[in-house]
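Kindly generate the complete structure, drawing on both the sequences and the hints.
Protein chains: 2
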Amino acid sequence: MKITRMHGAGGKVMQDLIKEIILSNLERTSVNGGIGLECLDDASTIPIGDKEIVFTVDGHTVKPIFFPGGDIGRLSVCGTVNDLAVMGAKPLALSLSLILPEGFDIEKLDKIMKSINEACKEADVAVITGDTKVSNVDDIIISSSGIGVVDKGKAIRDSSIKEGDAIIVSGNIGDHGLAILLSREGFEFDADIKSDVAPLNKMIEMVLNEGIEIHAMKDPTRGGLADALNEMAEKSGLGIDIYEERIPISEEVQSIADILGIDPLTVANEGKVVMAVKREDAERCLEILRKHPLGKNAEIIGYATKEHKGVVMETIVGKRVVDTPIGDPIPRVC
Amino acid sequence: MKITRMHGAGGKVMQDLIKEIILSNLERTSVNGGIGLECLDDASTIPIGDKEIVFTVDGHTVKPIFFPGGDIGRLSVCGTVNDLAVMGAKPLALSLSLILPEGFDIEKLDKIMKSINEACKEADVAVITGDTKVSNVDDIIISSSGIGVVDKGKAIRDSSIKEGDAIIVSGNIGDHGLAILLSREGFEFDADIKSDVAPLNKMIEMVLNEGIEIHAMKDPTRGGLADALNEMAEKSGLGIDIYEERIPISEEVQSIADILGIDPLTVANEGKVVMAVKREDAERCLEILRKHPLGKNAEIIGYATKEHKGVVMETIVGKRVVDTPIGDPIPRVC
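Protein chains in written order, with UniProt numbering: chain A, 1 to 334; chain B, 1 to 334.
One should not assume that every hint holds.
For chains that are exact copies, the list does not tell them apart, and a pair is met inside one copy or across any two.
As the list claims (entries may be wrong) - Derived lysine-lysine pairs resembling PhoX-like cross-links, with alpha carbons at most 25 Å apart: (1) K2 / K108; (2) K121 / K90; (3) K12 / K306; (4) K154 / K51.
If you are wondering where the hints come from, they were derived from the structure by calculation, not from laboratory data.
Right, dumping it as structure tokens:
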């Protein structure tokens with residue numbers, strides 16, 4: 001058996017590889033009774049004293065490395081910060097592992113480092129450790145790990161949706177993946193789609209500070225909203241009903257996705273969060289989110305149910321099952 | 001300006017890149033007054049309560065990925081564990097970012113994961129978070145971050161050698177780099193050199209548990225012993241005198257290095273530590289180290305001095321300055 005693009009694309013093929021080859025070989029996947037690798041949540045935790053250290057990692061191989069709305073530097077910071085933020089943690093510090101191709105322009109590296117610095121300032125995190133290697137890669141690769149902190153027992157899981165919970169998406173979906181796709185050679189659309197890549201921690205903090213109890217949270221990156229909702233539903237042992245008309249999406253993204261035959265529900269986002277909150281908290285949560293620039297298009301897109309498993313979407317022509325995508329339709333999106 | 005192999009090779013060229021392009025662009029490089037990126041130590045720290053979280057990262061691009069004595073999996077675990085251990089920390093958890101080429105044999109990945117598991121058991125650490133990407137790389141790349149913990153204020157620096165300190169090396173130098181080099185195509189030596197790749201945390205713990213006060217510590221990886229000693233001396237504002245005849249090195253490594261014209265002092269190690277301890281503690285420290293299988297060839301190789309800066313080695317034909325290497329003589333060694 002050989003590795004294919006699908007093994008790195010989010011979705012079912014990657015999940016199977018992780019379970020069969022990675023998890024099955026590792027005997028120790030958690031520390032001090034914290035959330036471990038086997039939970040396959042956005043991050044894991046290490047209880048220390050009255051806190052939990054939250055720990056995550058992302059490898060970034062996005063192509064092209066500079067794209068409308070961002071670059072691999074900003075993506076590295078935001079991808080890692082967001083994995084900590086959706087655990088309810090305060091992100092503190094990042095590590096950066098740079099893998100550079102021989103012949104890489106040092107001016108490009110300088111530009112990427114400046115972008116990393118700006119994103120760190122937005123997210124209020126520091127890069128405290130790093131490593132640099134030169135290898136046979138077609139472009140720069142950045143792996144970033146992140147450390148955050150949360151009060152003991154307060155980490156928010158992706159697996160704890162409760163029956164009846166409202167499901168909220170913080171804004172328009174599909175922008176990141178399509179911005180990447182259209183910036184590649186060969187696409188001649190007259191479109192102005194920018195990646196949504198942004199750190200979500202400040203917005204999520206606002207919601208938590210207002211006392212909204214977030215039952216479950218996840219950022220819909222590779223595999224898009226379809227993958228995130230399915231994972232949350234499956235882990236929570238519930239189903240989710242969503243309503244197509246309520247899903248926030250720009251006209252431009254919708255029409256280009258239609259032309260390309262791509263389901264925008266499966267397209268990666270890098271500045272969006274999916275939250276499950278008590279139905280009676282939903283409107284207030286929405287209000288708080290909409291006060292933040294990154295949440296201005298937030299919507300309640302559906303509800304959790306015990307009636308069925310999986311994700312079912314009501315459309316104008318009837319209901320359809322939204323499956324876990326086999327992989328992200330756009331390779332090297334993050 | 002373009003990136004060359006030397007920018008990833010340890011040594012002066014890499015240090016300049018890090019200072020001029022990476023550090024100079026980042027405004028926040030430490031958290032809560034902990035040890036930050038700007039210290040360029042083996043790891044950084046985040047003070048939390050009465051502890052410090054110790055954080056490090058290494059990207060691994062070693063070629064070949066399977067080599068005598070180890071593989072990229074074992075190397076990833078040990079490289080990261082050792083960066084934590086030389087800070088005096090207890091390593092707890094690792095993150096793994098796997099970058100896989102398309103077409104990579106899943107059996108090879110399986111073998112690497114088994115090796116990671118074995119090394120984790122040896123070091124008593126867990127892999128608690130991970131990420132998998134598929135990209136245009138010539139072979140698997142693994143970036144691993146690590147979290148450890150140390151009592152507040154007890155982290156051991158690479159910059160705090162004191163005048164008169166004995167400098168100890170825990171065993172034979174040069175094995176890792178030469179094992180890698182000889183396992184590449186084109187070398188037809190009839191030699192049996194194995195990488196020394198191993199987790200050092202248990203051995204270092206033994207020394208600390210016996211009450212030896214380690215003033216400064218570092219693992220001599222890329223750039224070898226020459227790089228580690230120069231960095232420690234420069235940061236400590238002292239000089240180091242070493243004695244060639246006391247430097248532990250196998251006859252095989254010495255003779256092959258001679259034939260190839262490589263200075264073994266500049267060759268990477270992956271299972272060795274350099275310690276600076278009070279002169280009166282040195283013999284006892286040596287005894288403790290030698291009780292551990294990884295420390296059986298430990299030696300006191302010299303002493304710190306105020307008489308000069310830099311590293312000076314006494315040889316049978318007189319003294320010579322041991323400079324910071326420009327880069328590691330063997331590319332893609334870790």
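Reference check for the pair K12 and K306, CA-CA at most 25 Å: within, between, both, or neither? Within. Shortest intra-copy distance 23 Å satisfies the 25 Å Cα cut-off; inter-copy 62 Å does not.
Measure nothing new, just compare the shortest in-copy and cross-copy C-alpha distances for K2 and K108 to 25 Å and report within, between, both or neither. For K2 and K108, the Cα distance is within 25 Å only across copies (10 Å; inside one copy 33 Å).
Quick one: K154 to K51, C-alpha cut-off 25 Å, is that within a copy, between copies, both, or neither? This pair counts as both: shortest intra-copy Cα distance 9 Å, inter-copy 20 Å.
At most 25 Å between alpha carbons: which applies to K121 and K90, within, between, both or neither? within (14 Å within a copy, 31 Å between copies)
In the structure shown, no violation is registered for any of the earlier numbered hints.
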